[in-house]
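Engineer: Construct the complete structure from the given sequences, taking the supplied hints into account.
In case you want the letters, here they are:
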Amino acid sequence: MPETAPAAATGATIELESLSKRYPGSPQPAVDNVSMEIGAGETVVFVGPSGCGKSTTLKMINRLIEPTGGRIRIGGEDVTDIDPVKLRRKVGYAIQSSGLFPHMTVAQNIALVPRMIGWSKARIRGRVEEMLDLVGLDPGEFHGRYPRQLSGGQQQRVGVARALAADPPVLLMDEPFGAVDPITRDHLQDELIRLQHELHKTIVFVTHDFDEAIKVGDRIAVLREQSHIAQFDTPEAILTNPADDFVSGFVGAGAALKRLNLTRVRDVGITDYPTVTIDDPLQHIFDRLRDSGSNEILLLDKRRRPYKWLRRGDLMRAKGSLARAGALVHDTVTRDATLRDALEAVLTDNAGRVAVTGRRGQYEGVVDMETLMNSVHELLEADRLDALEHQHDLEEQRAERTHSEQEGFGRPTGEAPA
Amino acid sequence: MNFWEFLTSRHQQLLADAGQHASAVFQCMVVATVLGVLIGVVTYRSEWAGNLATLTTSTILTIPSLAMIGLLIPVVGLGVPPTVTALTLYGLLPIVRNAIVGLRGVDPALVDAAKGIGMSRVTRLLRVELPLAWPPILTGIRVSTQMLMGIAAIAAYASGPGLGNEIFRGIASLGSKNALNQVLAGTLGIIVLALLFDAAYVLLGRLTISRGIRA
Numbered sequence: 119m120p121e122t123a124p125a126a127a128t129g130a131t132i133e134l135e136s137l138s139k140r141y142p143g144s145p146q147p148a149v150d151n152v153s154m155e156i157g158a159g160e161t162v163v164f165v166g167p168s169g170c171g172k173s174t175t176l177k178m179i180n181r182l183i184e185p186t187g188g189r190i191r192i193g194g195e196d197v198t199d200i201d202p203v204k205l206r207r208k209v210g211y212a213i214q215s216s217g218l219f220p221h222m223t224v225a226q227n228i229a230l231v232p233r234m235i236g237w238s239k240a241r242i243r244g245r246v247e248e249m250l251d252l253v254g255l256d257p258g259e260f261h262g263r264y265p266r267q268l269s270g271g272q273q274q275r276v277g278v279a280r281a282l283a284a285d286p287p288v289l290l291m292d293e294p295f296g297a298v299d300p301i302t303r304d305h306l307q308d309e310l311i312r313l314q315h316e317l318h319k320t321i322v323f324v325t326h327d328f329d330e331a332i333k334v335g336d337r338i339a340v341l342r343e344q345s346h347i348a349q350f351d352t353p354e355a356i357l358t359n360p361a362d363d364f365v366s367g368f369v370g371a372g373a374a375l376k377r378l379n380l381t382r383v384r385d386v387g388i389t390d391y392p393t394v395t396i397d398d399p400l401q402h403i404f405d406r407l408r409d410s411g412s413n414e415i416l417l418l419d420k421r422r423r424p425y426k427w428l429r430r431g432d433l434m435r436a437k438g439s440l441a442r443a444g445a446l447v448h449d450t451v452t453r454d455a456t457l458r459d460a461l462e463a464v465l466t467d468n469a470g471r472v473a474v475t476g477r478r479g480q481y482e483g484v485v486d487m488e489t490l491m492n493s494v495h496e497l498l499e500a501d502r503l504d505a506l507e508h509q510h511d512l513e514e515q516r517a518e519r520t521h522s523e524q525e526g527f528g529r530p531t532g533e534a535p536a
Numbered sequence: 003m004n005f006w007e008f009l010t011s012r013h014q015q016l017l018a019d020a021g022q023h024a025s026a027v028f029q030c031m032v033v034a035t036v037l038g039v040l041i042g043v044v045t046y047r048s049e050w051a052g053n054l055a056t057l058t059t060s061t062i063l064t065i066p067s068l069a070m071i072g073l074l075i076p077v078v079g080l081g082v083p084p085t086v087t088a089l090t091l092y093g094l095l096p097i098v099r100n101a102i103v104g105l106r107g108v109d110p111a112l113v114d115a116a117k118g119i120g121m122s123r124v125t126r127l128l129r130v131e132l133p134l135a136w137p138p139i140l141t142g143i144r145v146s147t148q149m150l151m152g153i154a155a156i157a158a159y160a161s162g163p164g165l166g167n168e169i170f171r172g173i174a175s176l177g178s179k180n181a182l183n184q185v186l187a188g189t190l191g192i193i194v195l196a197l198l199f200d201a202a203y204v205l206l207g208r209l210t211i212s213r214g215i216r217a
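Same order as they appear, the protein sequences are chains P and D. Quick note on my numbering: the first sequence kicks off at 119 and runs consecutively. Quick note on my numbering: the second sequence kicks off at 3 and runs consecutively.
Everything labelled a hint here was simulated from the structure, so no lab data went into it. Just so you know, these numbers come straight off a predicted model, no measurement behind them. Wrong hints could be hidden among the right ones.
[Stated by the list, open to error] Sample of chain D residues facing chain P (criterion: CB under 10 Å; computed from the structure): (1) Arg47; (2) Leu112; (3) Lys117; (4) Arg123; (5) Leu128; (6) Val130; (7) Ile215.
Using N, Cα and C, we set each Cβ at its ideal position, and we do this for glycine too.
Structural biologist: Below, the structure written as structure tokens:
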């Protein structure tokens with residue numbers, strides 16, 4: 119990786135090597151031998167049932183819980199034995215119900231880590247404004263507020279701002295959106311995805327909500343008890359090809375439906391539809407309709423936004439004026455909407471199609487039931503092929519490893535010299 | 003001589019006594035606060051150490067103050083030393099107990115968050131735990147002060163300073179014409195002082211408890 123010292127630190131790799139935690143007096147280790155490599159700038163979600171050790175594993179990365187065995191490397195540096203206080207200042211940490219200190223203002227909370235690592239006052243002040251801006255809160259308004267004067271969602275945003283204030287390459291999030299209502303949670307997840315697009319941190323995110331995992335994760339580690347990794351793969355692969363019954367049980371019903379959340383309308387075929395604008399003369403509209411051979415045409419308003427669906431019959435009855443004719447377009451989806459949203463819109467539309475809009479609500483195309491079905495089938499088929507190939511690769515690797523171990527060639531590749 | 007005439011004729015003596023009384027209580031409170039919070043900080047994380055500290059300080063409180071001062075005289079002599087020692091010891095209990103309760107009452111998630119963002123043990127204590135435990139500690143300090151106001155009067159028994167001298171002089175000369183006035187003046191003086199201190203604490207609370215956690 120080139121060392122260009124960018125303005126904002128982007129992610130660092132995290133390597134966990136045979137990480138274990140055994141509490142004295144308990145026969146079973148709480149976390150048993152977890153090995154994992156997380157790429158720089160990647161969002162990895164640990165998901166699993168309560169008590170499976172996912173939180174413990176997370177807390178071992180910043181050593182809030184000291185591992186009893188194994189190594190942790192962040193950005194290639196072994197941090198297993200360094201001063202934990204120093205380590206934690208380089209690793210952002212956001213928790214459920216925000217963990218904001220109630221006796222400090224929003225600004226004081228955000229400024230904590232920069233102050234501890236000795237930034238100048240002016241720099242901290244600028245940074246606080248910047249962070250508030252980043253998480254979508256107006257600095258002027260929220261700067262001097264106390265946490266109890268904020269809603270749950272706002273508190274959570276400030277919590278994330280605090281975690282990111284000193285620009286750590288790694289961000290650990292322990293069920294950060296567990297305590298907010300579903301609508302706010304949805305917003306916060308979207309915000310996190312947007313943030314990550316800008317910042318490219320390495321994020322490790324713990325949740326017990328599989329849908330949340332699918333939404334925010336680049337890769338998902340499904341953990342079973344003692345943090346054994348049941349499957350560690352992309353959301354697509356886990357949805358289409360769960361490794362075993364445990365994983366499929368966790369994925370739950372409707373894997374194909376959930377799969378729709380992972381693809382955006384812009385990634386599938388949008389059909390072009392005959393359109394006319396409201397300024398076109400009536401005769402022109404008739405001609406268009408006849409030429410297109412379809413039964414329906416989309417009328418756009420002056421700014422090329424979908425306005426009305428016009429059918430042949432409507433036009434017959436229009437008698438020279440379009441004012442009363444046709445059915446108003448009441449639902450559109452953007453190109454960034456998920457296929458699930460699109461399906462929802464198509465299902466609720468009485469004619470089974472929905473207009474797709476781009477910037478400023480301008481017409482881009484239409485999706486209907488048929489195109490949607492086709493794309494979904496294609497997607498699922500592609501996923502299946504990928505998964506098969508992936509499985510094949512894994513088996514090959516495993517066979518190779520077993521072979522080399524049997525031959526006594528020792529370990530898999532050693533560490534690269536520093 | 004009625005009470006009012008008594009007050010006007012003796013006001014200098016009374017003010018001096020009141021001043022000494024207030025200053026003795028104040029100084030002992032400072033020492034008791036520092037010691038009490040320190041004991042709290044050292045013991046709150048261990049179940050038995052915290053309980054031991056609470057138990058010890060409450061045992062001290064059950065010793066009658068007259069007996070305590072009497073017992074201290076052979077050890078530290080007469081005058082100021084037994085007064086200060088006794089007052090400080092009595093003042094400890096509410097502060098120690100509230101410090102322990104307050105520190106234990108800090109939301110574990112916040113302590114976790116403080117650790118997680120890289121605060122050292124000392125920083126965590128000074129920036130997070132003590133400020134959050136401060137309201138109950140301040141309540142403890144208030145209770146202590148009220149208590150010490152009364153107990154300080156007993157100090158006159160060991161020739162200590164304060165309004166207790168008026169009371170003791172009055173009791174010693176019961177039947178004489180100013181006896182009742184003396185006892186009354188001493189008692190009322192203590193009540194007035196206690197109220198003034200309490201007002202000062204309310205002000206202190208306003209100034210030192212963060213707006214974010216004020217009830």
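Engineer: Evaluate each hint against the coordinates.
Structural biologist: Evaluated hints:
| no. | hint | result |
| --- | --- | --- |
| 1 | Arg47 | violated, 16 Å |
| 2 | Leu112 | holds, 6 Å |
| 3 | Lys117 | holds, 6 Å |
| 4 | Arg123 | holds, 9 Å |
| 5 | Leu128 | violated, 12 Å |
| 6 | Val130 | holds, 6 Å |
| 7 | Ile215 | holds, 5 Å |
Hints 1 and 5 from the list above are not met by this structure, while the remaining hints are.
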